[in-house]
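Undergrad: Sequence:
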Amino acid sequence: KKVTETTFKNDTRRYNNYIKPHFAGKRLDKITPDDCQRLLDEITATGKGKTADEIYSLLNCIMKMAIAHHLIQYNPMDIVLHTQHETEHGSALTTEESELLLRSIKGQAYETVIALAYYTGLRPNEYETAKIEQDFIVAVNSKRKNKKVQYKKIPICNALRPYLNGL
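Be aware that the sequence shown starts at 611, since it is given in the working numbering, and climbs by one per residue.
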């Protein structure tokens, strides 16, 4: 009840692809820390650090809920060793890369959407709420976790204007 539809779908997929097959046929109260550790180690060994982080979190949540529902007494995840993987962040495009991008989308059906993302930083799920209000693009900020609706107000730069003429 507390997650978005996308998070629910992704967690269900992770559960079905990793957790369910690993623990197939094993009773919840018979799952050991070693069982959990082996699963995480297997995922990490394949180079899927972010997936391992997500499985760790999902397994921990499952076990906490099992305790809350009195299905198990202790959380086997309490003594599982897991180091969060290091996230690699992208870097800004160079001037040459920016020019190449803008040239390559010229006249394409998705030209406006890519220009909008490039010049505003809007996330794809924010496009549907985006509106032009005077000299600003206003959209619902999708990164708010407290369910409170908050809007982004992004100035329309001169380079973006030509892409918005038909809107």
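Just so you know, the hints here were simulated from the structure itself, not pulled from any lab data.
You may find that some hints are simply not true.
Unchecked claim - In silico EDC-like links for lysine to aspartate or glutamate, alpha-carbon gap of 16 Å or less:
id	residue 1	residue 2
1	K674	D688
2	K762	E736
3	K630	E615
To be verified - Restraint-style ranges between C-beta atoms, simulated for each label pair:
id	residue 1	residue 2	range
4	Q647	T705	11 to 21 Å
5	G635	E706	20 to 30 Å
6	K636	N735	43 to 53 Å
Virtual Cβ for every residue (Gly too), placed ideally from N, Cα, C.
Undergrad: Take the hints in turn and mark each one as holding or not.
TA: How the hints compare with the structure:
1. Restraint check for K674 and D688: satisfied, since their Cα atoms lie roughly 10 Å apart, inside the 16 Å limit.
2. Only pairs whose Cα atoms come within 16 Å are accepted, and K762 paired with E736 is accepted, the gap being roughly 10 Å.
3. Our distance criterion of 16 Å between C-alpha atoms is broken by K630 and E615, whose separation comes to about 20 Å.
4. Under the hint 11 to 21 Å, the C-beta atoms of Q647 and T705, about 48 Å apart, miss the expected range.
5. Separation of G635 from E706 is about 56 Å and departs from the stated range, judged on CB atoms against 20 to 30 Å.
6. A hinted range of 43 to 53 Å is violated for the C-beta pair K636 and N735, which are about 37 Å apart.
When each numbered hint is compared with the structure, violations occur for hints 3, 4, 5, 6.
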